[in-house]
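Following the hints, position chain B with the ligands against chain A.
2 protein chains.
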Amino acid sequence: YPGTFAPQPAATDPMWGYFTAIAGQDGEIDAEELQRCLTQSGFSGSYTPFSLETCRIMIAMLDRDMTGKMGFNEFKELFTSLNGWKQNFMMFDQDRSGTVEPHEMSQAIGSMGYRVSPATLNGVIKRYSKAGRIYFDDYVACCVKLRSMTDSFRRRDTMQQGSVMFQYDDFIQCTMAI
Amino acid sequence: YPGTFAPQPAATDPMWGYFTAIAGQDGEIDAEELQRCLTQSGFSGSYTPFSLETCRIMIAMLDRDMTGKMGFNEFKELFTSLNGWKQNFMMFDQDRSGTVEPHEMSQAIGSMGYRVSPATLNGVIKRYSKAGRIYFDDYVACCVKLRSMTDSFRRRDTMQQGSVMFQYDDFIQCTMAI
Ligand SMILES: [Ca+2]
Ligand SMILES: [Ca+2]
Ligand SMILES: [Ca+2]
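Each protein sequence line maps, in turn, to chains A and B. Quick note: the first sequence uses our numbering, first residue 1, plus one each step. Quick note: the second sequence uses our numbering, first residue 1, plus one each step.
Extracted from the complex, chain A is given alone in its bound form (with noise of 0.2 Å):
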C-alpha cells in the first residue's frame, strides 16, 4: 500500500515495456540492441551517435555476471549515467559544436571527483581526441571507461590503501571487458 518503501515492480515501471520490447525474446539487451536504441531514441541529438564499442562498454560497466547483457535495473542504471554525463558535456559545450576542448574536460573529469596526475590526464585525453577536439561518443566512451576501472580498483583496494595486488589472471579479467 502506498507509503512503504518497497521497489516498484518491473511490471508497472514506466520503462518496463520500452525495455522489453528492446531486449526481444531472451529478456536481456546486448551491444548491438543497445545501440539501436539509443540511435533510434534519439539520444544523441545532434551528437555523433554511440559507436558499437562505446555500446560494448556501456554494458560491461554494469555486467558483473559477464553474459555480455544488460538486466531491467542495469539498463535504468546506465540511463541514469549517461543523462548524467549528456548533461555535463553539454555545459560544456556551450557553442553547441558538438565537441569539447582538451582543457574542458580535464575540468569534466575533475569534477567528477577523479584524482589523477597531468601526466595521467592528459594521456588519456589525448586519448580520447579527433583532432584536438572530444566528440560526444569518445566523452562517453572515456567516463564509461575512467568510472569502471576505478570500481574494479576500488573493489580490489578493500583498506583504501590507494594500492592494490592484481593476479595476472583477474588483471586480464578486469581489463580486457572494457
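If you're looking for bench data, these hints aren't it; they were derived computationally from the structure. Warning: the hint list may mix true and false statements.
For chains that are exact copies, the list does not tell them apart, and a pair is met inside one copy or across any two.
[Said to hold, decoys possible] With a Cα cut of at most 25 Å, we get these calculated BS3-like pairs of lysine-lysine:
hint	residue 1	residue 2
1	Lys126	Lys76
2	Lys86	Lys130
3	Lys86	Lys69
4	Lys69	Lys130
5	Lys130	Lys76
6	Lys76	Lys86
7	Lys86	Lys126
This is chain B with the ligands only, laid out in the frame that chain A set:
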C-alpha cells in the same frame, strides 16, 4: 659496408617513402592517418576494415612516450604484428566467411601463448563477438589489447611472480591508454 649488423638507415629503407607520405608534416602517424593508410592499402582485403577505435589501440600498444603517434620503427613493428595476426585469422577462417568461431578464437589465444582461466577466456571472447562470431577488426583489437595488457603487467612484474602491486594513478594510466 656489407656484412655489418648496423641497422639500415631509415632513408634507404623501402618503406620509408611510404611512411613519410602517410605521416605528413609532423613526421609521425596518428590514429586517423593509420586508419586511412590501412584502408587505402587494402590491408583487410575482403574482411571488415579497421575501426578508428582499433587504430587507436594499435598506436597505444607501441606508443611508450604517450604522444598518440607512431614513428617509423613503431610503424614497421606494427606491420609485422598485423601480418602475423592476419595469417592466423585466415588460418582459422577456412571457409572465408570473414569470421571465426568462439572455439577457434580460444585456440588462437592459446596458440599465442596466453595462459588464462576458462572464465577469463570466455569473457574475453564474448566481449569481442558480434552475434556469436568474431570479425577481423575485433579479432585484431582483441590481440592488440591482450598483448598490451600482458606487456604492461610483465613490465611491472619484475620478479616474475604473476602478481603486481598497482598504484591507482598507474593503473588508470595503463588501462585507459588502451
Ligand atoms: Ca536481447
Ligand atoms: Ca549480464
Ligand atoms: Ca609516440
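**Prompt:** Out of the numbered hints, which ones does the structure contradict?
**Reply:** Per hint list: zero violations.
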